[in-house]
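Chains A and B, in that order, give the protein sequences.
When the letters of the first sequence are read in order and numbered with this note's numbering, they come out as residues 1 to 90.
When the letters of the second sequence are read in order and numbered with this note's numbering, they come out as residues 1 to 564.
Read the hints as simulated data drawn from the structure, not as lab findings.
We treat Cβ as the ideally placed atom computed from N, Cα and C, and that holds for glycine.
Hints are not guaranteed to be accurate.
To be verified - Here are the simulated BS3-like cross-link-like pairs (lysine-lysine), alpha carbons at most 25 Å apart as the crow flies:
1) B/Lys486 / B/Lys438
2) B/Lys327 / A/Lys67
3) A/Lys53 / B/Lys438
4) A/Lys67 / A/Lys53
5) B/Lys486 / A/Lys58
6) B/Lys438 / B/Lys524
7) B/Lys438 / A/Lys58
8) B/Lys524 / B/Lys486
9) B/Lys486 / A/Lys53
To be verified - Reference listing, derived: stretches of chain B covered by chain A, where coverage requires no fewer than 3 residues with Cβ under 8 Å from a Cβ of chain A:
10) 31 to 44
11) 224 to 230
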Amino acid sequence: MSDLELEIKSLIIETLNLEEIGPQDIDSAEPLFVEGLGLDSIDALELGMAIQKTYGLKFDPDKDDVKSHFASVRNLAQFVAAGTGKAASE
Amino acid sequence: MTFSPCAVIPSRNHYLGIELLVARLRAEGLPIIIVDDASSEPARSTLAQLDNEDDQISVIRNDVNRGKGGAVLRGIEAAVDRGFSHIVQIDADGQHDLEAVPALVDLARHNPDAVVSGVPVYRDGQAIGRRLARWLTHVWIWVETLSFQIRDAMCGFRVYPASAVLEVARDEPLGRWMDFDPEILVRLFWRGVPIAPLPVNVKYIEGNPSNFALIRDNWRITRMHFRLVFTMLARLPTILRNRPRRIRQTDDHWSEFEERGLYLGLRILAWIYQLLGKRICLAIMAPVVLYFYVSGGAQRRASEAYLRRIGQARGNPFRRLRLSSFKHFFHFAALSLDKFAAWTGDVSGETIVFEDLAAIDRLTERGEGVLALCSHQGNVELSRAMSRALHAGLVVNILVHTKHAARFNRLIQKFNPEAGVNVVQVTEVGPDTALDLKQRIERGEWVVIAADRTAIASAGHYSMAEFLGAPAPFPHGPFIIANLLKCPVYLLFCIREGARYRLYFEPFADQVRLARSNRINDLKALTRRFAQRLEHYCLLAPLQWGNFYDFWAVPSNEPENAKG
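For reference, chain A alone in the conformation it holds in the complex:
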């Protein structure tokens, strides 16, 4: 697991108050929404806000495929890496 992926998992847990699970319980490749972690659109908004705030990124619904960025932790990490220049994986 890359540092960035771990960071994002912690961010998800912290933002959404997922107290009962730890970063190790989230599979980087598993879907975040509906199946998998079972997050919903309200969570997506909160998470989106947190990602924007933490990494200073902007989601542009016209340009970006926001839905696929949020599909999994791995996709989010790649999006953040592309936006900030951090390494997505090692």
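Use these hints to put chain B onto chain A, whose structure you have.
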């Protein structure tokens, strides 16, 4: 419909430049009928000499002056006798730009059932008196046709379907003088003839005498407008049934024109409002309200259904539901008028009474951002404007989910450039909108959002909550935003009380928290509580309800504009 056009030129003592006019029309291939309306010399001989059967130019003479309308009608009759179907009407004084003739004829060819009506564009500007007279005419015509489709009724540069005009002339007492041009257009419109507007350049030619008799013709025109307004009211059902289709101009500058017209119309209304006061404005608006009442079947039914529920909820039904419903429409118009006051910033402290001002003061002192939930009960515009007036320097962000937002914003800006109001259009709140709003709240700004209407985009994001005795859909959106913003939530109602407004500002929640495990129930509870408060204010002032659609219907994918 066949299309064989013929030009008709009525002339009374206009002969300067007429050869040029005739030559130009012939070059366009148009046969010509000139009607000499009892002109004296030298016009008479000059016109008579133009008669040339080989070149399809004929000159008819009225020995007695029968007015412009009389002359045009005579020309049309002659044209129909000769088998023509359409009449290109042009003034003889050369004020119309002949460059527009091909476009005029072309538009008529594509819309053979319509009147193509020139809309003058004045290059050299116009005297203020004339401009004012034109605007007055516009206002009359809007009322008479209950529509903005006729953009100019005075311009005598047109193409008519001949038979339609002769039918009107046969059935109606038409003005035969300068009142002919506007009257025939209105009456054709009433019969369902569409109006196709076309911009034309206009200039005044020196040397030709004006046949406009200032007092006599103005009196005729005024009398004609009164007659038309009363006829309109008497024949309203027929006129509404015959409403013609709208012919759209693809040309871009028309939308700009429309926008400008709208703004000017509002300006004039605001000006009349200040000059005459509210009572007279309402009297002027009465026929318009009547029109909306008569023509708006769905809105009327929605209004009656709502009032019936109010009657049940308060245990005291409206005895005459139809009359109450008309009053409901009228209140809506009155509230709209008050919007002008709100937009122009013309709201003095005396017209507003605050309920619990201390609570607001405490908030503004702390500089804390607030999410205010408003609704379409009472004067929503005024409550928006007032929330700004509460505290100098307070920035209020209004979330709306229609595309009218941009236009509304422009209007506010134009009326009152200092208004610290941002209108933010949101069809769907994404992460960046949410973050932006959160930053605004952190800066101590207010965010205002209506919590009574469900948006199309939010299909599924609503709960049914008990409202006036039956479950109605209430949107989740405002409470989801509240959950994101994590700031105090207040309710904002602005209810009219006689000549004044009372602003109610009540705390709703210190913070909205949607627990993950219990989210849907939390949302249900919040919408239920909001519905209860909304019901309270509806019972307080039943006729100030601004939702003229079936409020209790489960949302489908209906277009937003179906909502009143």
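Output the indices of the hints that this structure fails to meet, ascending. Failing hints, ascending: 2, 10, 11.
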